[in-house]
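K.L.:
Listed here are the chains, written in short residue letters.
There are 2 protein chains.
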Amino acid sequence: MTEQELFVKMALNAWDGQMKRAHGAFGNLSDEDLYTEIAPGKNRAIYLLGHMAAVHDLMLPLLRLGDRLYPSLDEVFIDQPDKAVQTLPSPAELREYWTNVNNVLNEKLKSLSAEEWFQRHNSVSEEDFVKEPHRNRLNVLMSRTNHLAYHLGQLVLVKKG
Amino acid sequence: MTEQELFVKMALNAWDGQMKRAHGAFGNLSDEDLYTEIAPGKNRAIYLLGHMAAVHDLMLPLLRLGDRLYPSLDEVFIDQPDKAVQTLPSPAELREYWTNVNNVLNEKLKSLSAEEWFQRHNSVSEEDFVKEPHRNRLNVLMSRTNHLAYHLGQLVLVKKG
Numbered sequence: 001m002t003e004q005e006l007f008v009k010m011a012l013n014a015w016d017g018q019m020k021r022a023h024g025a026f027g028n029l030s031d032e033d034l035y036t037e038i039a040p041g042k043n044r045a046i047y048l049l050g051h052m053a054a055v056h057d058l059m060l061p062l063l064r065l066g067d068r069l070y071p072s073l074d075e076v077f078i079d080q081p082d083k084a085v086q087t088l089p090s091p092a093e094l095r096e097y098w099t100n101v102n103n104v105l106n107e108k109l110k111s112l113s114a115e116e117w118f119q120r121h122n123s124v125s126e127e128d129f130v131k132e133p134h135r136n137r138l139n140v141l142m143s144r145t146n147h148l149a150y151h152l153g154q155l156v157l158v159k160k161g
Numbered sequence: 001m002t003e004q005e006l007f008v009k010m011a012l013n014a015w016d017g018q019m020k021r022a023h024g025a026f027g028n029l030s031d032e033d034l035y036t037e038i039a040p041g042k043n044r045a046i047y048l049l050g051h052m053a054a055v056h057d058l059m060l061p062l063l064r065l066g067d068r069l070y071p072s073l074d075e076v077f078i079d080q081p082d083k084a085v086q087t088l089p090s091p092a093e094l095r096e097y098w099t100n101v102n103n104v105l106n107e108k109l110k111s112l113s114a115e116e117w118f119q120r121h122n123s124v125s126e127e128d129f130v131k132e133p134h135r136n137r138l139n140v141l142m143s144r145t146n147h148l149a150y151h152l153g154q155l156v157l158v159k160k161g
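These protein sequence lines are chains A and B, in that order.
When we follow our numbering, the leftmost residue of the first sequence carries the number 1, and every step to the right adds one.
When we follow our numbering, the leftmost residue of the second sequence carries the number 1, and every step to the right adds one.
Isolated chain A, as found in the complex (with noise of 0.2 Å):
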């Protein structure tokens, strides 16, 4: 194994570790548990879901692994806070996004090789990168990982009903 592959292994084991747990945490809840708070006045639980799923969404472009699969998720769960829009899609809708989006995205994670992994992302030049070689794929993937934890760790104060 090279650096690089070692390197490229333990941040996808990393994520691959918050990613289960997170299916774990939304599965553990039902549709109705979905609608409640992690918190008093604080984002619900179906919120956190379209976030993840909007959030997970756009890795797929600034990875450069293809176009999105659901950008009209963004207007609610990204550019909007919770309650801010009266109409959410459905529990049934958004636990189908999340699973399809993790799937696709998953696959094409998979597939790059570790030199691929410290190639450039989407959001920074060519001639940044040259500057900038920390600012790669897998930066992307280890910063969304942190991301994972952090929404993991409020969603599981939801009280199950």
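To be clear, the hints were calculated from the coordinates, so they are not data collected in a lab.
Source: prediction; values computed, not measured.
Where hints are given, some of them may not hold.
Identical copies look the same in the list; a pair holds intra-copy or inter-copy alike.
What the hints assert, rightly or not - Listed next, the in silico DMTMM-like pairs over lysine to aspartate or glutamate satisfying Cα-Cα at most 25 Å (straight line):
(1) K20 - E132
(2) K159 - E116
(3) K83 - E37
(4) K108 - D33
(5) K9 - D33
(6) K160 - E37
(7) K9 - E127
(8) K160 - E5
(9) K20 - E96
(10) K42 - D67
(11) K159 - E115
(12) K83 - E115
(13) K131 - D16
(14) K110 - E3
(15) K160 - E132
(16) K108 - D74
(17) K110 - E126
(18) K159 - D33
(19) K9 - E116
(20) K131 - E5
(21) K131 - E3
(22) K83 - E107
(23) K108 - E96
(24) K42 - D79
(25) K108 - E3
For this one, chain A is given, so just place chain B on it according to the hints.
P.N.:
For chain B alone, coordinates are given in the frame of chain A:
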């Protein structure tokens, strides 16, 4: 910059970013706020402060960087859940432990060479490490960065008085 140095920089950047946010979140809470639960019936912020100080203190021996500063924290903040122990250290004491632990830890983290980051951590034997080279110091850092993000997601829910 060698490949190893690049990985280390990426992982340390992620750690520094989460640490900065955690310092900000605790600094934002008054001593009184610390006694607030992150959500009804859940951990209080003061427990998270002690818990994170203990977990970071544990990183010193785990990373083979020296002895712990505050091993007595474990009994209250790792072995027991919040509210199981009646008398906690004061907010001032815990803030001091948290600051000291992270100062000592960060100084030692910055002193490691890229090569040293890829050496084994203390919970894996030299024999096993040959077969499982991902169980290195840097993997501990990445894991603790996610742990930090997880509890940070909870800390930001605390209502300020």
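K.L.:
Of the numbered hints stated earlier in the document, which are not met by this structure?
P.N.:
2, 4, 5, 8, 10, 11, 12, 15, 22
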